[in-house]
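**Student:** Please model the entire structure based on the sequences and the hints provided.
Note that this note's numbering has the sequence shown beginning at 9, numbered continuously upward.
Because the hints were derived from the structure by calculation, they are not lab data. We put the CB at the ideal spot given by N, CA and C, even for glycine. Hints should not be assumed to be uniformly reliable.
Unchecked claim - Derived Cβ-Cβ restraints for the label pairs, each shown as a range: (1) 34 - 57: 37 to 45 Å; (2) 296 - 111: 39 to 47 Å; (3) 460 - 89: 40 to 48 Å.
As the list claims (entries may be wrong) - Straight line, CA to CA, 20 Å or less: simulated EDC-like cross-link-like pairs of lysine to aspartate or glutamate: (4) 411 - 389; (5) 426 - 389; (6) 271 - 245; (7) 271 - 226; (8) 271 - 435; (9) 271 - 287; (10) 426 - 388.
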Amino acid sequence: IVSRITTDTDEFSRVAVLVTEVGSQLLLVTLLLTYLFTVNWQLTLLLALLAPVAMIVASTFQRWARRATRTSQEAVADVNASIQEAVTGIRVAKNFRREMGIYEEFLGVNERSYTVHVRRGFVLALIFPTLQLFAGLGTAVLLYAGGYYTYLGIITAGAWFLFMNSVSLFWFPMINLSAFWSQFQGALSATERIFALIDAEPAVIQRDHQAVPPLRGDIRFEHVDFRYGEKEQVLSDFSLHIRPGESVALVGHTGAGKSSIIKLVTRFYEFQGGTLLVDSRDIRTFDLRTYRRQLGIVSQTPFLFSGTVADNIRYATPDLATDAVEQIARQIGGGEWIDTLPDGLQTDVGERGSRLSMGQRQLVVLARMLAQNPAIFILDEATASVDPFTESQIQAALQLILKQRTSIVIAHRLSTVKAADRILVLERGRIIEEGSHDSLMARGGHYAGLYETYFRHQSLEFLESRRRSAETA
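**Tutor:** Here it is, written out as structure tokens:
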């Protein structure tokens, strides 16, 4: 996508220049043919018969050039993607000592790009010499024919001389047109790739674009079927009702369908069957812009944009005053986390928030949610461990956000699970258990097993027993 927006748009920008050049050369060819026809129509007709030969040759090279250009643009996109991936994942690569592996992978991609571009250059470089060869052969034929016509008295020697001088002027724009055509192939290939991106069908289907009034947060899945492309079914005949203001925690092993439920509510993916209602209205009839304005979404990996902490907090509400931003930020744990930042709210977060710790990024993202004040809050809780101070600040922020609004949480922290009004235990796209933490633990079913696997080590009882064991040892 980056390559299409940068490299291909640069190629596309040349179209206007090429169209102007082609137009001027076509005009010159037309004027010359008209003039040559007045000098001698027989030789002009012969010239008109020879010109298509050059055009056929140019057309052959056109197909080769277009194919080579398209392949070279794809190779450039692969190189760009390889560089972006290497730069983004450089820390992980260093950690696993994979720098040489990344270098070798890049060499392979770059070698392919080099080979493809050499092949393209070879094809484009052959166009001019080949066309000049045919132009020379055409001139030789006309020279012989003109001499023969002069011998027969059909044309005078002066007219023949004038005609041959004009023919040399005729081949120049013809060759230029063919050269421009080869350049035009690069622009056309770029145009195809750009418009393929522009014309890409949306991932979701909206039957209408009705404005969405303030939501209460009543969410209903009614016999919903969902799968990713042609892959295995994720949700089958799935039904769920989340009441307004209710907080629901989703738990289950990887692949149980937790993230899929969130993606359907946020309209990032289209479901294949059933109905999804929000406040008793079909979600497919909503205007997505006004609908998502009332959603607060926090992904598992908190994402920050370049700028200050304050800029990121007011990201969804750009007109929010600085005083209001600080007031919102200080609602979380009394604002102690702000005081730990070098420049407070004016601290530069760096690219993707790289200058902040993972915990600090989570706090900024949660403060952004408070500023947005959504009707429905959706959280895919981060799995990264944070220090006890930051953990307490995160929990304080979550309590503020979860209060009096519908919330769907993929929970990884025991405290978040316990705070939910209802826990849904998922397995292979089905709800197999639901209830509060205490009721599910008392039942001793699937949730109790998940608790032992994922949550028990976070409990106060477990930590206390570990402390006592350490003391006795």
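**Student:** Taking the hints in turn, state whether each one holds.
**Tutor:** To see whether the hints hold, each was checked on the structure:
no., hint, verdict
1, 34 - 57: 37 to 45 Å, "violated, 19 Å"
2, 296 - 111: 39 to 47 Å, "holds, 43 Å"
3, 460 - 89: 40 to 48 Å, "holds, 42 Å"
4, 411 - 389, "holds, 17 Å"
5, 426 - 389, "holds, 14 Å"
6, 271 - 245, "holds, 17 Å"
7, 271 - 226, "holds, 17 Å"
8, 271 - 435, "holds, 17 Å"
9, 271 - 287, "holds, 18 Å"
10, 426 - 388, "holds, 16 Å"
Hint compliance for this structure: hint 1 alone is broken.
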